[in-house]
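Model the placement of chain B on the given structure of chain A, informed by the hints.
As given, the protein sequences belong to chains A and B, one line each in that order. Be aware that the first sequence starts at 1, since it is given in my numbering, and climbs by one per residue. Be aware that the second sequence starts at 1, since it is given in my numbering, and climbs by one per residue.
Since the hints were derived computationally from the structure, they do not count as laboratory data. Check the hints yourself; a few may be wrong.
What the hints assert, rightly or not - Okay, the calculated bits of chain A under chain B, using three or more residues with CB under 8 angstroms as the criterion:
id	region
1	224-237
2	338-347
Stated by the list, open to error - In silico lysine-lysine, DSSO-like type, Cα no more than 27 angstroms apart, as pairs:
id	chain 1	residue 1	chain 2	residue 2
3	A	K172	A	K70
4	B	K99	A	K238
5	A	K4	A	K70
6	A	K172	B	K170
7	A	K61	B	K99
8	B	K165	B	K99
9	A	K238	B	K170
10	A	K61	B	K188
11	A	K4	A	K61
12	A	K355	A	K238
13	B	K99	A	K172
As the list claims (entries may be wrong) - One side only, chain B facing chain A, incomplete, derived with CB under 10 angstroms:
id	residue
14	P103
15	V105
16	P143
17	G160
18	D169
19	K170
20	H194
Ideal placement from N, C-alpha and C gives every residue a C-beta, glycine not left out.
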Amino acid sequence: MSPKVTITHLSDLTPPSQERTWLTAPHPTLPIVATCSSDKTIRVYSLTNFTLLSTITGGHKRSVRTAAWKPHMTGESVLATGSFDATVGIWRRWDSYGQEDGAGMGMDSDDKQIPTDTLTAASNGTGTDTADREEDEEEWRFAVLLDGHDSEVKSVSWSASGMLLATCSRDKSIWIWEDLDDGDNNFETVAVMQEHGGDVKCVSWHPSEECLASGSYDDTIRLWREDLDDWGQVACIKGHGGTVWFLDWEGEETEGNWSGPIADSVSESELSSLQAQWRSQRALSGPRLLSCSDDRTVRVWRRQPKESQQTGALSSATTGIPSIIRPTGTDEVWEEDAVLPRAHELPVYAVAWSKRTGLVASAGADGRIALYEERFATREQEQEQQADSDAMDTTSGDVLRTEWVLVGVQDGAHGIYEINHVAWAKRADRRSGVEEEVLVSTADDGSVKVWTVTR
Amino acid sequence: MAEMQNSNPTILNAADLPTRLRSTATRKSEYGGIFTSALPLAPVDFESAPSSDSEDDNLLEEPIDEQEIYDLISSISDPEHPISLGELAVVSLPDIEIKPTLPDVPDSPLQTVTVLITPTITHCSLATVIGLGVRVRLEQSLPSRFRMDVRIKEGTHSTGDEVNKQLADKERVAAALENGALMGVIAKMMETCH
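Only chain A is shown next, with the shape it has when bound in the complex (with noise of 0.2 angstroms):
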């Protein structure tokens, strides 16, 4: 392993929840996160000073799970929560903070006893009064419950344009919910997909596609899409062992900053022309998807360009899949593109791939962070793969090699406690001014620390 990465612990969010913290979402554009807490409230702290600016109380009866804020707002944030308690929250906050270090924030960071109607009042006056919408702007309003699942709510995810969100829960569906954006909170069911077999413990939005990823207690991960109105599964990837617990996408390609594989001992010809090879590949492609598992694994899977998989599903013996059911249409086939460097001694709870650097970030029950790098193999890994995987190579050859290497650990990162999830953010930093990406972890004692990653 070589010591190129290395992992500094930044700073706690503070205080912290007294209570299991299962995942922190990153706003879209604010330097500002939000816990989701067992305590069933929502902290959110700054990323800028790492203090606790309010706390979201009052809206959930039981742990809440999972978080995720909806893109492309201005002036405005939108936070979408899942609870235990089958539920989906829907809260609303203008923005004139996260910059005022949260002076004055913490109000009703202590007072967790804020009756729901109190709540409900609040967003019933949403845009009706002047006086009510003042008294509103420092507070989080309650929008909207969306009601519809019938045991825990396990992930929530906004697609790329903000206007479909999609839920999924023990009860082994997924909800794809469409936000009205009519100014009265008003959500439309748009499809529930009931194909998995177990709980649905995760779904994740294309980075631009309206294509779903979600991964299951079935040990499969499911992709879907919408054809002809009609939201239907598009591929199911069996690879995993075990309970696939999370999955993230990689980046779409961002102009001027490399985010693709590196290369050590390469010349600068040789990394340009395998850098245009590999941008031909992704285009043919598109984003890969990470998963981790149960299975102590983490992987990266690829869709197999439709040109070739005419010739991928006619060498089905070694798919099992009978030509005769070969994916005709829509139906995609995702081919595992590698099994990560084994880091884990337990269950990985979460993964992350960084948009701007493309390093992959994982952790878990073992208490430990690994970070993984991709390369370009070098001419002789290269030669060696293609003998080793000689049988089972049913695509051309010419899909551009490349092997992961686990470039860090940190062991006990939270002590002694299990890691729940981990997420790239961005942070401003006031003093340097210069925007850097930082590494946020969240674990079972209610702590959040944050990392820099420096390669």
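Chain B alone, transformed into the frame defined by chain A:
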């Protein structure tokens, strides 16, 4: 509970159960026939067990061994019978193991407690509840540096894999702890614990 799944369980004599004080008893008596309330009930003698309700995570704590784990869980009552899991041999000392969670990190304080459960009958639908009771008891009694691995002993249950998957699922266990009805059953099982 409408009907008992196993109305005629095999029960071990409390005196034969492993404790730190008394070395192995030689007499092994089995009670057949219909269950009667005259049978010896828990409590077994746990004087040797240090107080387990102090929830401190002091890493300088006394080492915890298999006997101590056994003492914690053997006094849990079966959900069907007012008999302890120890007496029913649902849990037994040889089926408890403590080992380092991260063998490659010598100074890691993490330890994994593996408990294999032997249900009284192979199709007992209460196996999940018993397993959950054992897991909850350990989570509430042991310092946080312990990881629980509670499983049905191989070959002793018709749907063992299914039960094991549920018991190992942190999220399901956490949700179960918030389920009042289920926790009522578990609390009743633990009434006989110290």
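Checked hints:
Coverage of a stretch by a chain is defined here by at least three residues with a beta carbon nearer than 8 angstroms to that chain's beta carbons; for the region 224-237 of chain A and chain B the count is 0, and the condition is violated. Residues of the region 338-347 of chain A with a Cβ under 8 angstroms from some Cβ of chain B number 3, which satisfies the need for three, so the listed coverage holds. A C-alpha spacing of about 24 angstroms is found between K172/A and K70/A, which places the hinted pair at or below 27 angstroms, so the restraint holds. Annotation: proposed proximity of K99/B to K238/A is violated, straight-line Cα distance about 32 angstroms (limit 27 angstroms).
Pair hint K4/A plus K70/A does not hold up; C-alpha atoms about 35 angstroms apart against a cutoff of 27 angstroms. Taking the CA atoms of K172/A and K170/B, the gap is near 17 angstroms; set against the 27 angstroms cutoff, the hint holds. A threshold of 27 angstroms between alpha carbons decides the hint, and for K61/A with K99/B the separation of about 38 angstroms lies outside it, so the pair is violated. Our distance criterion of 27 angstroms between C-alpha atoms is met by K165/B and K99/B, whose separation comes to about 21 angstroms.
Pair hint K238/A plus K170/B holds up; C-alpha atoms about 22 angstroms apart against a cutoff of 27 angstroms. Under the criterion of a C-alpha separation no larger than 27 angstroms, the hint pairing K61/A with K188/B is consistent with the structure, at around 24 angstroms. For a cut-off of 27 angstroms, the pair hint linking K4/A to K61/A is broken: about 46 angstroms separates their Cα positions. Using a Cα cut-off of 27 angstroms, the hinted pair K355/A and K238/A holds, with the two alpha carbons roughly 26 angstroms apart.
Using a Cα cut-off of 27 angstroms, the hinted pair K99/B and K172/A is violated, with the two alpha carbons roughly 35 angstroms apart. With its C-beta approaching chain A no nearer than about 8 angstroms, P103/B sits inside the 10 angstroms limit, and its interface hint holds. At a threshold of 10 angstroms, the smallest CB-CB gap from V105/B to chain A is about 5 angstroms, leaving the interface hint in force. Checking P143/B against chain A by beta carbon gives a least distance of about 8 angstroms; that is within 10 angstroms, so the hint holds.
Hint status for G160/B: violated, given a least beta-carbon distance of 16 angstroms to chain A, over 10 angstroms. Nearest Cβ of chain A to the Cβ of D169/B: about 7 angstroms, under the 10 angstroms cut. The hint holds. Interface restraint check: K170/B against chain A, minimum CB-CB distance 7 angstroms, threshold 10 angstroms, status holds. The criterion of a C-beta within 10 angstroms of any C-beta in chain A is not met by H194/B, whose closest approach is roughly 25 angstroms, and the hint is violated.
Hints 1, 4, 5, 7, 11, 13, 17, 20, counting from the list given before, are not met by this structure.
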